[in-house]
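Novice: All chains should be built: construct the whole structure from the sequences, respecting the hints.
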Amino acid sequence: MKRIVTPLNKGQIKQLNSGDEVLLSGVIYTARDQAHKRLDETIKRGRKLPIDLKGAVIYYCGPTRTPKGKVIGSCGPTTSSRMDAFTPALLKKVGLKAMIGKGARSKDVVRAIKKHKAVYFLAYAGCGALIAGYIKKAKTILYKDLGAEAIHRLEVKDLPLIVAIDSRGRDIYS
Amino acid sequence: MRKISARMITDTVAGLCVKANLILRDDVLSALKTAFALETNARAKGIIKAIIENARVARVDKLAICQDTGMPVVFAQIGREVVIEGNFNAAINKGIESGYRKACLRSSIVEDPLSRGRARYTPAVIHIGMVNSNKLKLTVLPKGFGCENKSQALMFKPTADISEIKKFIVNAVKIAGPDACPPYVVGVGIGGTADYASLLAKKALLRKIKSKKSKLEKELLGKINKLNIGPMGLGGKTTALAVNIETYPTHIAGLPVAVNISCHALRSATAVL
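The listed protein sequences derive, respectively, from chains A and B. Sequential numbering of the first sequence, starting at 1, is according to the working numbering. Sequential numbering of the second sequence, starting at 1, is according to the working numbering.
Keep in mind the hints are simulated off the structure, nothing from the lab. Check before you lean on any hint, since a few could be wrong.
[Stated by the list, open to error] Below are the DSS-like pairs computed for lysine-lysine, each with C-alpha atoms no more than 27 Å apart in a straight line:
1) B:Lys45 / A:Lys68
2) B:Lys102 / A:Lys68
3) B:Lys49 / A:Lys137
4) B:Lys45 / A:Lys2
5) A:Lys117 / A:Lys44
6) B:Lys45 / A:Lys157
7) B:Lys102 / A:Lys139
Specialist: See below:
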């Protein structure tokens, strides 16, 4: 199994093929519906994002509250297709390089992933308790008012993922 | 008449919320284990193994099975000989608030569906029925929205052929595809009115996976498991664990059919007071 570490560089991304199982370590940022909407509005206004997503990995996830003594609560992936409308701009305008979620993406997103040499991973869907074990640090860093939908910075160690759409635009679901 | 206090209802609902979200239903877990044994696709097998392991970690570590702890749906069957002391709906919502808070579950409910706003734990969707007894039966079904978003309802003509209805149900699963965390449990409601068929479809999810199945239920499960969607939509013969159908009389002019899909983390817990 391939081991990859953030920040993901061109060389690492190029080596990933649709269908590969990988273990990801490093920093990822959670963002789901409302965070995407805010990021998108900021981009559309031509303003600088309050977070640097160049080369970053976004995880479509809204965790449960963190129980006492734990790093994070249950934190599995949410349905990626709800973020499809916002994804091409993030890839094009701010240099996002990878996304983690569950389920298929639109044709537009597949095209944008290919064009910008990015990658889309699947995390084990509906396995939020299991995934929590791979998160070593978690901190809410942006849009705190959104609660679970805020942007959290997570440090992960050997998070198991499956490459769904690779940088050549090959889609596991097509 | 038997008196049941609002406090007792609150405490019971709180406990049910914790149980439903942290401990996977026995029948679901056992169906997953059977699916693991029968599945031949290596990747599908690996994913089912992870799902079973997730249920174990959730139980041991007291973490939610899934971070989407759902919109709480509560089914209450009130015996005619029971007197509820206090505000029933408020007692239920207070119980949800307390259970969700205690188990660090997620606040996923927005006050206004259009303007959204800050997410909270409540209100639950509450269905109340009356029965001839001196008991109160409470069921909490935390329904995740990855799969709730794949719900469908269609008003068929009364002359529709059964094959059209089968096609509609199988197609609803096809449309849910990889997105809503397969393997699914497919709840189907047939009859009544548009709203009642949808309610039946949801109630069908409460029936045990291994409950006695009709010919139609077996046939549909067979068809669905030939779709090769599989766990996470990556192929395999485990696309659904069960198809449960509930029916009700309907009008001469119509034939409502509703489908309510549940992800593999089908969670519910029941108590009788």
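Novice: If a hint holds in the structure, say so; if it does not, say that too.
Specialist: Checked hints:
Distance restraint check for Lys45 of chain B and Lys68 of chain A: the Cα-Cα separation of roughly 34 Å exceeds the 27 Å cut-off, and the hinted pair is therefore not satisfied. In summary, the hint linking Lys102 of chain B to Lys68 of chain A is supported, as the alpha carbons are separated by about 11 Å, within the 27 Å threshold. Among the hinted pairs, Lys49 of chain B with Lys137 of chain A is consistent with the structure: their alpha-carbon atoms are about 26 Å apart, no more than 27 Å. The straight-line distance between the Cα atoms of Lys45 of chain B and Lys2 of chain A is roughly 20 Å, inside the 27 Å bound, and the hint therefore holds.
About 22 Å separates the Cα atoms of Lys117 of chain A and Lys44 of chain A, which keeps this hinted pair within 27 Å; it holds. Using a Cα cut-off of 27 Å, the hinted pair Lys45 of chain B and Lys157 of chain A holds, with the two alpha carbons roughly 24 Å apart. Taking the CA atoms of Lys102 of chain B and Lys139 of chain A, the gap is near 21 Å; set against the 27 Å cutoff, the hint holds.
In summary, the one numbered hint that this structure violates is 1.
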